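Visitor: Counting in our numbering, the sequence shown tops out at residue 608, every number present.
Since the hints were derived computationally from the structure, they do not count as laboratory data.
Watch out, some of these pointers could steer you wrong.
[Claimed, not checked] Keeping only pairs whose Cα atoms sit at most 16 Å apart, straight-line, the calculated EDC-like set for lysine to aspartate or glutamate is:
no., residue 1, residue 2
1, LYS460, GLU578
2, LYS445, GLU478
3, LYS539, GLU482
4, LYS576, GLU399
5, LYS407, ASP530
6, LYS529, GLU506
7, LYS445, GLU596
8, LYS539, ASP510
9, LYS502, ASP532
10, LYS502, ASP530
11, LYS491, GLU399
12, LYS576, ASP565
13, LYS445, ASP486
14, LYS539, ASP568
15, LYS460, GLU471
16, LYS407, GLU578
17, LYS445, ASP425
18, LYS576, ASP425
19, LYS460, GLU477
20, LYS460, ASP470
21, LYS491, ASP510
22, LYS445, GLU482
23, LYS465, GLU578
24, LYS460, GLU478
All values derive from a computational prediction rather than experimental measurement.
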Amino acid sequence: YGAGPIGAYSQARNMPANRVSVLPDTISDETAAAMMLKGMTARYLLRETYEVKAGDTILWHAVAGGVGLIAVQWAKHLGARVIGTTSSPEKAALAKSFGCDEVINYTEENVAERVRDLTDGKGVPVVYDGVGKATLEASLDSLSPRGLLASFGSASGPVKDFDTGILGAKGSLYLTRPTLMTYVAADEDLQANTADLFDVVGSGAVKIEINQTYELEDAVRAHQDLEGRQTTGSTVLMP
Numbered sequence: 370y371g372a373g374p375i376g377a378y379s380q381a382r383n384m385p386a387n388r389v390s391v392l393p394d395t396i397s398d399e400t401a402a403a404m405m406l407k408g409m410t411a412r413y414l415l416r417e418t419y420e421v422k423a424g425d426t427i428l429w430h431a432v433a434g435g436v437g438l439i440a441v442q443w444a445k446h447l448g449a450r451v452i453g454t455t456s457s458p459e460k461a462a463l464a465k466s467f468g469c470d471e472v473i474n475y476t477e478e479n480v481a482e483r484v485r486d487l488t489d490g491k492g493v494p495v496v497y498d499g500v501g502k503a504t505l506e507a508s509l510d511s512l513s514p515r516g517l518l519a520s521f522g523s524a525s526g527p528v529k530d531f532d533t534g535i536l537g538a539k540g541s542l543y544l545t546r547p548t549l550m551t552y553v554a555a556d557e558d559l560q561a562n563t564a565d566l567f568d569v570v571g572s573g574a575v576k577i578e579i580n581q582t583y584e585l586e587d588a589v590r591a592h593q594d595l596e597g598r599q600t601t602g603s604t605v606l607m608p
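Based on the provided sequences and hints, a complete structural model is requested.
Guide: Right, dumping it as structure tokens:
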């Protein structure tokens, strides 16, 4: 199933046939449960919002998160160089273990200055930012002229009172606020997205990390662990 949350956990569910995709034999049910929303998000960002090409250098904020770890592997598969940001040495090590080329600890370093150092002063053509308010300035300052900021989330809070004139002053930049549901609204777009996702996961180019499994009856405990930041990678409920 590839769309928004359905509002409940259950062992079986009736779904619209045009909004589901056939899972290949190369991918287990558990892996599919862990990858769909995050993987589809990584796909539209890397292949459509900005089409990452071999030789590109990209910046991904919160690179050790669920979407970030998938995106790092996928971007490397496409031939890109990936710079990521994290908040701790442990998360930096995790991101590097998944292929991230350079990791910036934003609690200790100036992100934009470090990006400039890593790109010989040029900046990057695209920044993927799911953090929001806290990283907006660093994102804009990390871009090369006519670069694109893909602001796909606001974990630190929404950006308010934004002066679009800043985009011109910082190099005729582009800013977009994409959402997955727009990119897979048409059935054929949904199938194209999931086909690409199944391909990179089934081939082993992208690995899905499942670090916690819970029985369906333990859903409350799973949520408590998530809220208490006791989990890493993906969490799966087993029917």
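Visitor: The structure should be examined with respect to each hint, and the outcome stated for every one.
Guide: These are the hints, each one checked on the structure:
Of the pairs offered as hints, the one joining LYS460 and GLU578 holds, with about 14 Å between alpha carbons and a cut-off of 16 Å not exceeded. The suggested pairing of LYS445 with GLU478 is violated, with an alpha-carbon distance near 24 Å, which exceeds 16 Å. Using a Cα cut-off of 16 Å, the hinted pair LYS539 and GLU482 holds, with the two alpha carbons roughly 14 Å apart. Restraint check for LYS576 and GLU399: satisfied, since their Cα atoms lie roughly 13 Å apart, inside the 16 Å limit.
For the hint linking LYS407 to ASP530, the alpha-carbon distance of about 29 Å lies beyond 16 Å, and the restraint is violated. Pair hint LYS529 plus GLU506 holds up; C-alpha atoms about 13 Å apart against a cutoff of 16 Å. For the suggested pair LYS445 and GLU596, the alpha carbons sit about 31 Å apart, so the restraint of at most 16 Å is broken. This hinted pair checks out: LYS539 and ASP510 have alpha carbons roughly 7 Å apart, not beyond 16 Å.
Note on LYS502 and ASP532: the hinted pairing holds, with a Cα-Cα distance of about 14 Å set against a maximum of 16 Å. Restraint check for LYS502 and ASP530: satisfied, since their Cα atoms lie roughly 11 Å apart, inside the 16 Å limit. Distance check on the hinted pair: LYS491 and GLU399 sit about 42 Å apart at the alpha-carbon level, beyond 16 Å; violated. Distance restraint check for LYS576 and ASP565: the Cα-Cα separation of roughly 14 Å lies within the 16 Å cut-off, and the hinted pair is therefore satisfied.
Between LYS445 and ASP486 the CA atoms are separated by roughly 21 Å; this puts the pair beyond 16 Å, and the hint is violated. Distance check on the hinted pair: LYS539 and ASP568 sit about 38 Å apart at the alpha-carbon level, beyond 16 Å; violated. At most 16 Å may separate the alpha-carbon atoms for a hinted pair to count; LYS460 and GLU471 meet this at roughly 12 Å. Restraint check for LYS407 and GLU578: satisfied, since their Cα atoms lie roughly 12 Å apart, inside the 16 Å limit.
At most 16 Å may separate the alpha-carbon atoms for a hinted pair to count; LYS445 and ASP425 meet this at roughly 10 Å. Of the pairs offered as hints, the one joining LYS576 and ASP425 is violated, with about 22 Å between alpha carbons and a cut-off of 16 Å exceeded. Restraint check for LYS460 and GLU477: satisfied, since their Cα atoms lie roughly 14 Å apart, inside the 16 Å limit. A distance of roughly 14 Å separates the Cα atoms of LYS460 and ASP470; the hinted pair therefore holds under the 16 Å criterion.
A C-alpha spacing of about 11 Å is found between LYS491 and ASP510, which places the hinted pair at or below 16 Å, so the restraint holds. Restraint check: the Cα-Cα separation between LYS445 and GLU482 comes to about 23 Å, which exceeds 16 Å; the hinted pair is violated. With a C-alpha separation of about 14 Å, the suggested pair LYS465 and GLU578 falls inside the 16 Å cut-off, and the hint holds. The hinted pair formed by LYS460 and GLU478 meets the criterion: a straight-line CA distance of about 15 Å does not exceed 16 Å.
The structure fails to meet hints 2, 5, 7, 11, 13, 14, 18, 22 from the earlier list, while all remaining hints are met.
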